[in-house]
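Engineer: With the hints as your guide, set chain B onto chain A.
Chains A and B supply the protein sequences, listed in that same order. Residues in the first sequence are numbered from 3 upward in steps of one, following the numbering used here. Residues in the second sequence are numbered from 291 upward in steps of one, following the numbering used here.
Derived by calculation from the structure, the hints in this document are not laboratory data. Take the hints with a grain of salt, since some may be wrong.
[Stated by the list, open to error] Okay, the calculated beta carbon distance ranges per label pair: (1) B:Thr-347 - A:Ser-95: 31 to 41 Å; (2) A:Thr-162 - B:Ser-532: 55 to 65 Å; (3) B:Leu-324 - A:Gly-120: 14 to 24 Å; (4) B:Gly-575 - A:Gly-37: 51 to 61 Å.
Here a beta-carbon is modelled for each residue, glycine too, at the ideal position from N, C-alpha and C.
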Amino acid sequence: MRGRRWRVVVLGLALVYFLVPLLSAAEFSLRTPGGGYGVANYLTIFGDEVLLSSLLVSLQIAVVTAVLVLLLVVPTAVWVRLRFPAAAALLESATILPIVVPPVVMAAGIAFVQANLGGPVFRTLFASSFTALTPFYVVLALPFAYRAVDNGLAAVPLRTLVEAARNLGASLPTALWRVVLPAIRSAVLGAAFLTLALVLGEIVIARILLYGDTFPVAIVEVGRSQAGVAVALTLASLVLTWLLLLAVSFAGSSRRSTP
Amino acid sequence: MTLLEAPTAPPEKVRSERSWRAALGLLPFVAYLLVFLGGPLYFVISGALSDADGRPTLDNVIASVTQPQYRAAFTSSIVLSAGTAVIGAVAGAFLAQAVLTSRPTSPLRRIVSTASGVLAYFGGVPLAFAFIAALGQTGLATQFLKSAGVDLYASGFRIDSLTGLALTYVYFQIPLMVILITPALEGLVPQWREAAENLGASAWTYWRRIALPVLAPALGGATLVLFGNAFAAYATALALTSGSIPLLPTAIASALSGNVLAGAQNVGLALGLDMVLVIAVVMVGYVLLQRRASRWQAR
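In isolation and in its complexed conformation, chain A is listed as follows (with noise of 0.2 Å):
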């Protein structure tokens, strides 16, 4: 019983602390210039058409940078459990690295590039937010992508199924992409709206190198002006982020608890 009691203390501060802001920014994004409440915030973006193609840039990038993210970490984390389980621990450390190497750090390691030296390649890659910012966006991603990732694998018997796929003759690409994928498919699905989160919140390295036409750049802009707007738009985000991220989790355990 004192068991039980500490828990619910213990959550019922966490639902008050964590409730509390998005309530506040929530209550504040439903306000009305005439002092009531309506959600005229919320439509703002179906007229605005800086914010409607600004979501659109970061929603191209968002899918570019999800795709990269995936074709580099899910190969990986498979040899590794398969063929290199020594190497799990270089590569959880290597992964915690884009967590903390600061972003403005990195902004300004890029912009330095960007400044000083010419050259085709590098004017080619930072003539557009796309080109720019998708390269860097995967480093920002891959933390919690491999995680993601690897805590999938490590739900699934993956040694048995690889086995069982290469004894069926199956090459070790095929025994990947029709055996494992869909075994970890919301653990993947996972990583790509983690990276859809990451992509259109981003804004450290999307000012400093001075792209101002990505999603969230926008609606700090707007928000100078119009804060209900922003405040709403952000709080959109976040809300729909979190909900596809649910709804892969019971998809994901529905699935696996059928025989």
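Structural biologist: What follows is chain B alone, placed relative to chain A:
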């Protein structure tokens, strides 16, 4: 060569050849990190160690640690990061354990684990907006507390103070701690607890004598990552305080944008180098602790 092929050569030779081949599989991942993470870092370091004309010099680095405004930034960055790392680690560990002791099928677990994933990224400008909406001068929570008789702002609280900043940082520190520490908590073998209980240990004794010593390296390592996470955060502080509290990332950004002053950009890079050095020390500590932590994990 199939996956299951029995070794035919002498074991030692096989092992070295295999690990060479095995390492090859990591090449794309490692190469990508080297180019797109290592590359910027290389230019930060080389820029920090040269003057505006590219000649090698230590002036930038010396300026970055001796000038008073940068020292103030160092102090508040480190105090803020260390403080929120410890608070976030303790609160996050309690939260993770509270969730883990619920039924494995309960929706609570899914809600907390998915929310942790989202909220750990929920730094930056949106988070600052949310906290201003809650605890700003006219914020919802501020007004609620006022009507309940607690006047935050009369008692000296400000959302754009170091305290306000810390309160906000903890919001993304706790979810990150939950993500980092859950595997270690799951790794506690239930039989240890049963054995302890059979020998007459109380719950408190079990935690103090068995669980916490086993968890200590993992807890320490996660706290170090939290420190690095807060140390790296920038957008939250900028949006919340508009630069009124000197922090290292803010100082770097303003040095970079103020590049009309010859050489200021390189001092910005030198500040970046200082940050990387602090992070490097933290990371070495993390790797050492991780090695100790893995001793108890059955992989």
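Engineer: Is the gap between the beta carbons of B:Gly-575 and A:Gly-37 within 51 to 61 Å?
Structural biologist: At roughly 54 Å between Cβ atoms, A:Gly-37 and B:Gly-575 fall inside 51 to 61 Å, so the hint holds.
Engineer: Between B:Thr-347 and A:Ser-95, does the C-beta distance stay in 31 to 41 Å?
Structural biologist: holds (33 Å)
Engineer: Taking 55 to 65 Å as the stated bounds, is the beta-carbon spacing between A:Thr-162 and B:Ser-532 within them?
Structural biologist: holds (56 Å)
Engineer: Given the hint of 14 to 24 Å, check if B:Leu-324 and A:Gly-120 actually sit that far apart at their C-beta atoms.
Structural biologist: holds (23 Å)
Comparing the model with each earlier hint shows no violations; every hint is respected.
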